[in-house]
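Remember, my numbering sits 403 above the position in the sequence shown when you count from 1.
Any given hint could be a false lead.
Capping the alpha-carbon separation at 20 angstroms, the derived lysine to aspartate or glutamate pairs in EDC-like fashion look like this [what the hints assert, rightly or not]:
#1 K681 <-> E659
#2 K673 <-> E560
#3 K599 <-> E437
#4 K681 <-> D579
#5 K599 <-> D651
#6 K599 <-> D648
#7 K535 <-> D556
#8 K673 <-> E518
#9 K535 <-> E560
Pairwise CB distance ranges, derived in the manner of DEER restraints [as the list claims (entries may be wrong)]:
#10 S517 <-> E664: 44 to 52 angstroms
#11 V532 <-> Y613: 40 to 48 angstroms
#12 A463 <-> L597: 14 to 22 angstroms
To be clear, the hints were calculated from the coordinates, so they are not data collected in a lab. Only a predicted model underlies this, so the values are computations on that prediction, with no experimental measurement involved. Even glycine gets a Cβ: it sits at the ideal position worked out from N, Cα and C.
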Amino acid sequence: MPASPPSESPPTEAVSGTDSGKPSPDETRFAFGENWAAFLETLDDQRIEQAVASLQSMLAVDDLSRCRFLDIGSGSGLFSLAAHRLGADVVSIDYDEQSVHCTQTLKDRYTDSSERSWLIHRGSVLDPVFMKSLGQFDVVYSWGVLHHTGEMDRAIEMASQRVAPQGLLYIAIYNDQGSASRRWLWIKRMYHRLPKSLRWMWVVAVAGVYELRFAMARLARFRNPLPLADWRAKRKDRGMSAWHDWVDWVGGMPFEVATPEHVIVPLARKGFHVVNLKTVGNGWGCNEYVLTHDTTKRREP
Numbered sequence: 404m405p406a407s408p409p410s411e412s413p414p415t416e417a418v419s420g421t422d423s424g425k426p427s428p429d430e431t432r433f434a435f436g437e438n439w440a441a442f443l444e445t446l447d448d449q450r451i452e453q454a455v456a457s458l459q460s461m462l463a464v465d466d467l468s469r470c471r472f473l474d475i476g477s478g479s480g481l482f483s484l485a486a487h488r489l490g491a492d493v494v495s496i497d498y499d500e501q502s503v504h505c506t507q508t509l510k511d512r513y514t515d516s517s518e519r520s521w522l523i524h525r526g527s528v529l530d531p532v533f534m535k536s537l538g539q540f541d542v543v544y545s546w547g548v549l550h551h552t553g554e555m556d557r558a559i560e561m562a563s564q565r566v567a568p569q570g571l572l573y574i575a576i577y578n579d580q581g582s583a584s585r586r587w588l589w590i591k592r593m594y595h596r597l598p599k600s601l602r603w604m605w606v607v608a609v610a611g612v613y614e615l616r617f618a619m620a621r622l623a624r625f626r627n628p629l630p631l632a633d634w635r636a637k638r639k640d641r642g643m644s645a646w647h648d649w650v651d652w653v654g655g656m657p658f659e660v661a662t663p664e665h666v667i668v669p670l671a672r673k674g675f676h677v678v679n680l681k682t683v684g685n686g687w688g689c690n691e692y693v694l695t696h697d698t699t700k701r702r703e704p
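Taking the hints into account, I'd like the entire structure generated from these sequences.
Right, dumping it as structure tokens:
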């Protein structure tokens with residue numbers, strides 16, 4: 404049976420105070436919405452089809468008919484649109500006001516703007532009142548978002564509470580690389596210390612260094628050193644853009660990381676078990692987790 408919708412409409416914004424989802428005072432929040440607005444200018448039907456295929460592959464489904472789908476941190480709205488095309492009743496939420504606008508823009512572009520099977524709200528995953536008001540879902544999806552809240556562990560917990568029995572939780576979290584992750588935190592802080600007009604040059608510089616390393620690694624394996632094949636693979640994998648991913652990666656704050664064990668073990672105690680897992684090994688990027696919520700297998704610590 405599909406998950407039950409809420410009995411009342413949720414508030415359209417997160418409440419103020421400690422649960423508002425705002426980053427801590429010592430952190431600078433990245434303008435995710437600006438990056439997503441730029442990404443929407445590159446969006447085409449091929450990228451949408453690739454996003455649809457990505458969901459089908461990771462969730463191991465052909466469609467999402469009769470399913471409620473919650474997209475936490477919807478950003479551009481691409482994966483909300485993908486879920487909607489697969490037949491789901493979609494609820495998109497984001498704390499970033501411009502990201503909410505991007506998602507609404509995408510909905511207006513590709514569907515009837517009054518379509519009730521796709522609802523969009525501004526709110527925080529860290530706000531318990533707001534989250535509870537949404538109800539429960541057959542699929543809760545949050546790709547590359549929860550580690551940017553400033554309270555990653557709590558955000559994962561809040562997301563997991565929205566998963567209906569036998570439902571799926573699909574999240575992607577930055578991999579913990581130890582000292583390398585600390586270097587990335589320094590890179591991100593440097594980005595935010597620069598004037599806005601110079602930040603793109605920092606992205607180019609950082610991306611250039613890493614792309615050169617990748618090129619040398621490809622050359623050592625007797626492959627074409629140019630990054631075009633890798634960029635095409637990124638687009639094919641999730642319909643995303645290499646440049647906008649670099650901007651997000653270099654500037655994205657707050658910033659937290661986790662090992663697979665750090666993510667999986669607490670969820671296993673609450674009755675979740677892994678049904679699909681894609682890790683980056685010791686590398687950088689996001690580990691992807693798909694877990695099912697089996698309430699009969701809840702384990703106490």
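Could you grab the alpha-carbon distance between K681 and D579 and see if it respects the 20 angstroms cut-off? Answer holds: K681 to D579 is near 14 angstroms, not above 20 angstroms.
Sort out whether E437 lies within 20 angstroms of K599, counting only the CA atoms. The hint holds at about 12 angstroms.
Keeping to a limit of 20 angstroms between CA atoms, is the pair of K535 and D556 held or broken? Status holds; Cα separation ~18 angstroms.
Holds or violated: the 14 to 22 angstroms window for the beta-carbon distance between A463 and L597? The hinted range 14 to 22 angstroms is violated for A463 and L597, with Cβ atoms some 43 angstroms apart.
Pairwise hint evaluation, D651 against K599, where the allowed Cα distance is 20 angstroms at most: 14 angstroms, holds
CA of K535 to CA of E560, is that 20 angstroms or under? 12 angstroms, holds
K673 and E560: Cα distance at most 20 angstroms? 10 angstroms, holds
Given the hint that K599 pairs with D648, does the C-alpha gap stay at or below 20 angstroms? At roughly 18 angstroms apart (the allowed maximum being 20 angstroms), D648 and K599 satisfy the hint.
Does E518 lie within 20 angstroms of K673 when you go C-alpha to C-alpha? Violated, at roughly 35 angstroms.
Beta-carbon spacing of S517 to E664 - inside the hinted bounds 44 to 52 angstroms or not: 45 angstroms, holds
Regarding the pair K681 and E659, is the alpha-carbon distance no greater than 20 angstroms? Judged against 20 angstroms, a Cα distance of about 19 angstroms means the pair holds.
Do the beta carbons of V532 and Y613 sit within 40 to 48 angstroms of each other? 41 angstroms, holds
The structure fails to meet hints 8, 12 from the earlier list, while all remaining hints are met.
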